[in-house]
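Asks: Sequence:
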Amino acid sequence: MRQHPLSVMLTSTDGSYLADVQLSIEHANGNRKNVLTTDAQGPICLIDLPRGRYTVKPSSAGATQQRTITLAGNPQTVYLRFAASKN
1 MRQHPLSVML TSTDGSYLAD VQLSIEHANG NRKNVLTTDA QGPICLIDLP
51 RGRYTVKPSS AGATQQRTIT LAGNPQTVYL RFAASKN
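Each residue of the sequence shown is one higher than the last, beginning at 1 in my numbering.
Heads up, some of the hints might be wrong.
Claimed, not checked - Here are the simulated DMTMM-like cross-link-like pairs (lysine to aspartate or glutamate), alpha carbons at most 25 Å apart as the crow flies:
(1) K57 x D39
(2) K57 x D20
(3) K57 x E26
(4) K33 x D48
(5) K33 x D20
(6) K57 x D14
Claimed, not checked - Here are the simulated distance ranges between beta carbons:
(7) P50 x A83: 30 to 38 Å
(8) D20 x A72: 27 to 35 Å
(9) A72 x L36: 29 to 37 Å
Just so you know, the hints here were simulated from the structure itself, not pulled from any lab data.
Predicted model, so just to flag it, every value in this text is computed and none were measured.
Virtual Cβ for every residue (Gly too), placed ideally from N, Cα, C.
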């Protein structure tokens with residue numbers, strides 16, 4: 001993880017790892033240009049992006065989130081938690 005500027009960790013609120021999460025990353029400047037859209041197949045996504053401000057938008061089971069991050073040189077990990085499934 002230390003070799004990638006951005007790591008995204010996907011879990012449920014009960015601590016279980018998540019997979020099959022739709023993940024979108026946009027530039028956080030005025031134009032909101034999409035940088036990445038993917039279906040995260042596992043709980044950890046290692047993403048190589050240049051320095052800058054980004055908006056991370058994950059969605060899982062109909063729930064969506066949004067988090068703005070700044071990559072400034074040191075690797076960063078973003079923890080995204082979704083409500084645990086009632087199944």
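Asks: Please name the hints from earlier in the document that this structure breaks, with their numbers sorted from lowest to highest.
Replies: The structure breaks only hint 9.
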